[in-house]
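Student: Each chain, written out:
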Amino acid sequence: EDQVTQSPEALRLQEGESSSLNCSYTVSGLRGLFWYRQDPGKGPEFLFTLYSAGEEKEKERLKATLTKKESFLHITAPKPEDSATYLCAVQVIFAGNNRKLIWGLGTSLAVNP
Amino acid sequence: DTGVSQNPRHKITKRGQNVTFRCDPISEHNRLYWYRQTLGQGPEFLTYFQNEAQLEKSRLLSDRFSAERPKGSFSTLEIQRTEQGDSAMYLCASSWGQAHNEQFFGPGTRLTVL
Numbered sequence: 001e002d003q004v005t006q007s008p009e010a011l012r013l014q015e016g017e018s019s020s021l022n023c024s025y026t027v028s029g030l031r032g033l034f035w036y037r038q039d040p041g042k043g044p045e046f047l048f049t050l051y052s053a054g055e056e057k058e059k060e061r062l063k064a065t066l067t068k069k070e071s072f073l074h075i076t077a078p079k080p081e082d083s084a085t086y087l088c089a090v091q092v093i094f095a096g097n098n099r100k101l102i103w104g105l106g107t108s109l110a111v112n113p
Numbered sequence: 001d002t003g004v005s006q007n008p009r010h011k012i013t014k015r016g017q018n019v020t021f022r023c024d025p026i027s028e029h030n031r032l033y034w035y036r037q038t039l040g041q042g043p044e045f046l047t048y049f050q051n052e053a054q055l056e057k058s059r060l061l062s063d064r065f066s067a068e069r070p071k072g073s074f075s076t077l078e079i080q081r082t083e084q085g086d087s088a089m090y091l092c093a094s095s096w097g098q099a100h101n102e103q104f105f106g107p108g109t110r111l112t113v114l
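Chains Z and G, in that order, give the protein sequences.
Quick note: the first sequence, position 20, residue 20 per my numbering, numbers continuous.
Quick note: the second sequence, position 72, residue 72 per my numbering, numbers continuous.
One should not assume that every hint holds.
From the structure, some residues in chain G lie toward chain Z, with a derived Cβ separation under 8 Å [stated by the list, open to error]: (1) Q41; (2) A88; (3) L91; (4) G106; (5) G108.
Just so you know, these hints were derived from the structure itself, not from any lab.
Built from N, CA and C at the ideal position, the CB exists for glycine as well.
Isolated chain Z (complex conformation) (with noise of 0.2 Å):
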């Protein structure tokens, strides 16, 4: 069965103090793994795409990877505005040209001052 597992469930981390999430998936036909940020009750907030094991992706403090089973999201140097749920979702192939996405449950992290 198609899975999407992230983890830790959630990370407490002090202001600059550098870490990383991960998003490990046992699909098949994968075509694209995706990073969202969501701040509460807000609707998330596209970071990242990643297609290939071996893609990398930057943005300011983050950085996404992507291996063949999992994929890390890298904060480096993190501030409180950096605190939110980050999900990830992948995007798989199916019974010909079917597409579907998977998500996982979130990492919620929170950077103390």
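Add chain G to chain Z, keeping to what the hints say.
Tutor: For chain G alone, kept in the frame of chain Z given last:
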């Protein structure tokens, strides 16, 4: 405004009432998605449209839920005979293309069923 908008932002209703939500996608986007999200969970897919055609509907979706996108622009999501379990954030997203490309979300409509 170039983003996805949703109305209303909040809705409180009594059990058994019908509610309707509206989503206005980014104008050049041909795909429109509806999701439901509860606290601590990721978005749960409900349905999506490509232009005016509803291409997929979640098997978990009760027949009390119906969505339309009559002219391929804005969409409405109606819930009939609401139940307390329908309380959630209802999210709309839009994207461009023939696949599930990066989606841009609206602010959501928070529904509370009393």
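Student: Against each hint, give a clear statement of whether it holds in the structure.
Tutor: For each hint, the structure was consulted:
1. Q41: holds, 6 Å
2. A88: It is violated, given that the least Cβ distance between G/A88 and chain Z is near 13 Å, above 8 Å.
3. L91: At about 5 Å, which falls below the 8 Å cut-off, the nearest Cβ of chain Z leaves the hint on G/L91 intact, so it holds.
4. G106: holds, 5 Å
5. G108: The hint holds - G/G108 has a Cβ within 8 Å of chain Z, the shortest such distance being about 5 Å.
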